[in-house]
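**Q** Same order as they appear, the protein sequences are chains E and F. Under the working numbering, the residues of the first sequence are numbered 1 to 330, in order. Under the working numbering, the residues of the second sequence are numbered 1 to 584, in order.
Do not take every clue at face value.
Listed below are the simulated EDC-like cross-link pairs for lysine to aspartate or glutamate, each with C-alpha atoms no more than 20 Å apart in a straight line [claimed, not checked]:
1. F:314 x F:341
2. E:243 x F:86
3. E:214 x E:298
4. E:225 x F:86
5. E:214 x F:164
6. E:214 x F:166
7. F:264 x F:238
8. E:214 x F:80
9. E:229 x F:407
10. E:229 x F:353
11. E:214 x F:539
12. E:214 x F:118
13. E:285 x F:196
Source of the hints: derived by calculation from the structure; they are not laboratory data. Being a predicted model, the structure only gives us computed values, none of them experimental.
Listed below, chain by chain, are the residues.
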Amino acid sequence: MSTPLEHDYIGLAEKKKIPSSSSSSSSEDGKTFKETELRLGLPGSESPERKPLSGVSLSLFGNLNNNNNVMNHHVHVAGAKRGFSDAIDAKWAFSDAHGSDSDLGKPSALFSPRGSGNVVGKPPLDPKTISTQQGNSINTPASASQSIKESKPLQEKNPQLPATNEHASAPASKAQVVGWPPIRSFRKNTMASNLTKNNDEAEGKPGFGCLYVKVSMDGAPYLRKVDLKTYSNYKELSSALEKMFSCFTIGQCNSPGLPGKDGLSESSLRDLLHGSEYVLTYEDKDGDWMLVGDVPWEMFTDSCRRLRIMKGSEAIGLAPRAVEKSKSQN
Amino acid sequence: MKKAAYSFPEEVLEHVFSFIVSDKDRSSISLVCKSWYEIERWCRRKVFVGNCYAVSPPILIKRFPELRSVTLKGKPHFADFNLVPEGWGGFACPWIRAMAGAYPWLEEIRLKRMVVSDESLEIIAKSFRNFKVLVLSSCEGFTTEGLAAIAANCRNLRELDLRESEVEDLSGRWLSDFPDSYTSLESLNISCLGNEVNLLALERLVSRCPNLKTLRLNRAVPLDRLPNLLRGAPQLAELGTGAYTSEMRPDVFSNLAEAFAGCKQLKTLSGFWDVLPSYLPAVNPICSQLISLNLSYATVQSPDLIKLVSLCEKLQKLWVLDYIEDDGLEVLAASCKDLRELRVFPSDPFGLEPNVALTEQGLVSVSEGCPKLQSVLYFCRQMSNAALNTIARNRPNLTRFRLCIIEPRSPDYLTLQPLDDGFGAIVEHCKDLRRLSLSGLLTDRVFEYIGTYGKKLEMLSVAFAGDSDLGLHHVLSGCDNLRKLEIRDCPFGDKALLANAAKLETMRSLWMSSCSVSFGACKVLGQKMPRLNVEVMDESGPPDSRPESSPVEKLYVYRTVAGPRLDMPGFVWTMDDDSALRIS
Chain E
1 MSTPLEHDYI GLAEKKKIPS SSSSSSSEDG KTFKETELRL GLPGSESPER
51 KPLSGVSLSL FGNLNNNNNV MNHHVHVAGA KRGFSDAIDA KWAFSDAHGS
101 DSDLGKPSAL FSPRGSGNVV GKPPLDPKTI STQQGNSINT PASASQSIKE
151 SKPLQEKNPQ LPATNEHASA PASKAQVVGW PPIRSFRKNT MASNLTKNND
201 EAEGKPGFGC LYVKVSMDGA PYLRKVDLKT YSNYKELSSA LEKMFSCFTI
251 GQCNSPGLPG KDGLSESSLR DLLHGSEYVL TYEDKDGDWM LVGDVPWEMF
301 TDSCRRLRIM KGSEAIGLAP RAVEKSKSQN
Chain F
1 MKKAAYSFPE EVLEHVFSFI VSDKDRSSIS LVCKSWYEIE RWCRRKVFVG
51 NCYAVSPPIL IKRFPELRSV TLKGKPHFAD FNLVPEGWGG FACPWIRAMA
101 GAYPWLEEIR LKRMVVSDES LEIIAKSFRN FKVLVLSSCE GFTTEGLAAI
151 AANCRNLREL DLRESEVEDL SGRWLSDFPD SYTSLESLNI SCLGNEVNLL
201 ALERLVSRCP NLKTLRLNRA VPLDRLPNLL RGAPQLAELG TGAYTSEMRP
251 DVFSNLAEAF AGCKQLKTLS GFWDVLPSYL PAVNPICSQL ISLNLSYATV
301 QSPDLIKLVS LCEKLQKLWV LDYIEDDGLE VLAASCKDLR ELRVFPSDPF
351 GLEPNVALTE QGLVSVSEGC PKLQSVLYFC RQMSNAALNT IARNRPNLTR
401 FRLCIIEPRS PDYLTLQPLD DGFGAIVEHC KDLRRLSLSG LLTDRVFEYI
451 GTYGKKLEML SVAFAGDSDL GLHHVLSGCD NLRKLEIRDC PFGDKALLAN
501 AAKLETMRSL WMSSCSVSFG ACKVLGQKMP RLNVEVMDES GPPDSRPESS
551 PVEKLYVYRT VAGPRLDMPG FVWTMDDDSA LRIS
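Bound conformation, chain F alone (with noise of 0.2 Å):
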């Protein structure tokens, strides 16, 4: 009845909207009506910033006046690869300060890619009572003094994640800060940590939390010292070892096995440095119920990586160096069917002759064995179109696949063709295809293959390709769900940019970096379209001081609800129509 609806009471509601979790979902609610928008951002918890200048932390603390989950990113993806210098941003300590004062019961922040300060961490550490879930993923900017804080002060945190931050270790002290009545640790990951942690520290604290799933550790934990850890945790479901090397002794290795047999819960195996192959068996009697094996560090060769991997049936997930070759990579796609996702790292990228005997094939091998293969990350030498092609039609369930031929530009190695053809065929059969990450020889050919029938690809990675701005106008007017374009070393310029304006408000953002956009044609972007930030930056000097038609070193273009950003260092500027310079 229509009067029922109006008489709802909105603690119903709230209940109701309790249930819906996913952040698409939540946002869809709030658009209904203004008094749905208006319950739901009382009750949301959880909320995800893909770009922390999207937004300002005044705007979030407005909207949602109690948030118990945070979740930020800073520096655009290529930061990974340091094409974003040094003092480009990303800067974690004014949001944290802003949601020390608006959001006491905070429980869980997550960032990545930002730049943290102990500072910031300080505050963390004394301004949430309920503090639970600290993420650092690719941060840099702290110490292991900031560590400490959190360690001494947040009882009841449960998950402490430094994955693949720059952290400044001044010393491996910090460990002992956690107080002998903390016993809530559920996940602890360290492995980016230089030095030595006290071992005897770390023992007590893992024996100490019943609750423990996760621990990875650092390189420096010695592999003698892992039995020990193990045994006092025998609930792990995922470990990452340290240094997987010692003096070859018999005790030690049945000491190891032991232990690990002891673990029934252990799914999940990562570290891995400086493996003495014959330590690897030491985790066979687990090997059948692993689900996800990182070996990524492993420098092993072929066939103690086979020997390992045929035991691992119930395997989805592996990440392997190309030390496993393509023999390796056939053993894999017979054994391991329930694989989703591979990821295969260059052992010498820099060498100009392959060390290995990897190649297309062994992709091709594992693209036709293992039928939920979704997720592909692949560096190789050597590529053909008829590879690709067969992959495509072998694999149309693919929902990832990132290639990197490591020569820039190189063409089919059968035919010496561009590689459009074998990319085409990809996004053409792989319907679901959202990320895509291109290499070796292409024209603008390929971006018309890619506009056409990308039509759910989300994330798309860009070098070294393409003829003319013809292949960004495909890629920007025909891939109707896209979100995130990096683009490095290509002759794209102003023409496809300005004429495809609008589509970068649609998406989170889009990098172009040593391409051909003029100077000009920025600060007409920026003029245009009040609603994107477009930063331009230059090592070299302002931008005015060349003529309007150079081409500018890098451009950052992303749609934002909080205007041009104040904390920008001297080689960035934004465009927009103030001035059409603001020097920071």
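Same shape as in the complex, but just chain E (with noise of 0.2 Å):
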């Protein structure tokens, strides 16, 4: 029985193969990072050449500039980027239920081993047994505890596996489990704010690195909080993101068009990528309203106050570092 997937933090995910079984993903094998690279910019801009490792907020904005590259390709390699649909049409292909929250810090070359379909081949139990199982174990207990000892344990879990993730991001700090060590947000957050005071004295020393910021996104019915620290770059983050608010956007999936789970055609994701464009903004210290992804990362970690996945339309007139002094519309 294969390990279950949904216990990736400490770095199975290397173990699942890429499919090949999506038609598509032939497509994207021969572009290089560069022109698969999404660019964060407003509709039609020309972003900057800048360093791969600086790869910015790729899917939230659409796929506008390198549009063919990202239909129907079920594949995330390390530096392909995704629409913000794209990432949906992910998930319901491939089951991507059951990340565990740890996933959140991981790099994102775990979306595609998680999407392989693999997934939903080895459950704990099937559903037969689960209905045989019924009639006992509700009422039985000590029948059940039998029934249990006699199975074969769900999960071979190797004890001596290393627990530290395998992270690209920097060597000091390793990739934060969500919820561990189980300490509150508020002690979080007031260790992390004695940091930032002694930063001076701190020798990059990572300490409590958590930073806790508010994410909303136009027409959700709610938030979400993330911690930027869990984070290294801008593509984890959006990753992050995308998973998140990704249902909110399910009934824009639900198209006539679509034909569900297997993928979606080329010319319906492109009416998707057109209407349901987002554009990832943040608060910054001061209050005003920016693009994400124009400034290094740690700069936006230390000024970032909240952040706001904005309709596109909306965005125009936001333009990176040349922010007006009024504050948006939020």
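Each of the two chains sits in its own frame; use the hints to bring them together as a complex.
**A** Below, the structure written as structure tokens:
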């Protein structure tokens, strides 16, 4: 029995293969990193060249610059961009239900293996077993424990597996699993602000890095909180946000032209993308709303107070760095 | 005589019942017979609702028409660690509205982990003439505007405690909304507020309230204002300082020391943000009378901590950062023989290497030296079975033991074995253990120990542990008094859950996230157990879009008499027998 995917935080992700089943994936393979990299910017704008590492919140900006690449691709190769709706598509196709919360901190490569279709293949119990269990298990604990003892362990857990993640970010601190160690937000935030105050003496020690900011999305009924310190670059942040907010765009996916879980046709995706463009913005320390992605990651995390996923149409007028002092309509 | 029992007047029974305060006893009384049930419910004044969704406002109000005090808890405990997404629930508004209509004489509202709006606070402020106590613990959703309404309208307010709540701090002006004629404040805790409050208003408020016993300031209150505040309230018993730093000037120091010395009743200290070590000795005059000291935000080194702690011979409760190190804990063990509770928090939980010399040895020392130690919360980076064994044998009177070894699945660092035996020793020797949190490398065996010995265990927290369903089964079938079980990232699945479904009705709640419980099993559980709410949380989409065998992201099961709740956000589904899937 294979290890359930949901325990991926310990780095089992590498074991999974990237699926070749998706026909369109081959179109992706030939692209160079730069070509597939989505640029941050307003619709139609050309963003300046930048280093891959500061590759920017790719997917939330829609695929205007590289439309053809991302249609139908179910494979998320590191560095490839995905439209917001692509992320949704990937989810439905791949039953990416189960990310342990720790996924948020992982490199984006996690998305591909997770989605490979294996995930649904290895259940702890198949439905038949459940129904036969039902009769005796609910009423007769004694016999049930017997049956539990007899069945093989659900999962071979190798205790020697190192718990540290293999992680692309700075070696000084490891990827953070959500909610671990179990320290309350109030304490984390307090200690984190201790560190920023003592930054000069800190010698670059990561310390309490924890920075919860609220994320709202236009049209969504409720907001989310993310810890910016669990990501090391814009890409990770973007992936995580897509995952978090994809459920709000479900309605847009359910238009008649869509065949459902198997994948979206090229034309309908294009419609979606044009219709559901989102732009990621943030409010900085001065209360100004800026586009995400223009400044180095560390500078961003230092100054970001809250995030807002805005409809593209509303973002016209926000330009990187050239922010008017008047606050946005938020 | 038999006849006398029947003609016992209600008033007499009521009077007798008024001496019975514990909830459990009250519950027992109400089960004696129908007439006792009736009498009891009319004279019940205080109610504790451990899970706001286990019951509903109408049910509460119908049964207890004359309440004066209500306590409600909302989100599951793991919400403290951001495992519960925003919008999950725990909304106080429906409760507050209902109570506003039904209990005009309500005096006390205590909420924990609930979402409270400014509107709710305004309703409270205007609806209860005799309102006295408002405690919002780890709550969120309100701003200082809501607080202004409370300040302005609650003439008889005694206690305003915002501990660890997330308040949108728009301005410190709200404090000035307490009218000048208002003098009944006894307890104020604003430690969670981010902005500065109007200091002049604060000083005036403090000095005109003669019964003020508890004052917990926020970080923004500067140290040089503290002496004035203390002089205005020499009767203070509990103080939380603001930022404990200032320009080092001798007059500030002596002023402060004098002010502390003037507080003869001061027994509890907390706060201590941004501590300048040379100011710590200002509290020396009162160390010998302190019973509770919270230095868990004080980033000072071991020698300074030692100097302070060694003077606190009456200390019963110490919360501190791991800067105290093993050496400091040894001094603690030698100096504070009355210690009941110790919490050691990590100063650098996300660093890869230890930054302080704090190991299992510190805890062992304290377990040896402090005979009354009952409650432990300890973050460290290494542990051994031998140490746990020693601790267990030293302190069989432990009632709460929470150990967090920072790296998940860390084995015994000496033998590289799982820590099953160590924790086994804890549950075996500490027969009154009520609360346990596990960490480190653990197999199913530790759960076998827990099921066998943890007969008084009420709350168990498990993370990254176990091998199979057997582990979960041991706990559910063995722990007779289990009320709350929270599990994350363990390979526990359907079998144990379904086999012990009936057990879940005897518990308050079960939380399982990132485990192996399938959607199908959740449906079965929901269908078979109508008095449980089986809630599945999945932020990536409806679980029925995936095969039944797919594991669910998060599962929260709790007993209820109120049926499925109706305020679920889009990522929560209730499994019940109406439809296998109901999307709210």
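**Q** Does each hint hold? Answer for all of them.
**A** Results of checking the hints against the structure:
1. F:314 x F:341: Cα-Cα ~12 Å, so holds.
2. E:243 x F:86: holds, 15 Å
3. E:214 x E:298: holds, 18 Å
4. E:225 x F:86: holds, 7 Å
5. E:214 x F:164: Roughly 18 Å between the alpha carbons, so the hint for residue 214 (chain E) and residue 164 (chain F) holds.
6. E:214 x F:166: holds, 12 Å
7. F:264 x F:238: Roughly 11 Å separates the two Cα atoms, so the pair holds.
8. E:214 x F:80: holds, 16 Å
9. E:229 x F:407: Between residue 229 (chain E) and residue 407 (chain F) the Cα gap is close to 18 Å, so the pair holds against 20 Å.
10. E:229 x F:353: holds, 18 Å
11. E:214 x F:539: Holds. Residue 214 (chain E) to residue 539 (chain F) sits at ~17 Å (cutoff 20 Å).
12. E:214 x F:118: Given pair residue 214 (chain E), residue 118 (chain F) holds - Cα atoms ~19 Å apart, limit 20 Å.
13. E:285 x F:196: With Cα atoms ~18 Å apart, residue 285 (chain E) and residue 196 (chain F) stay inside 20 Å; holds.
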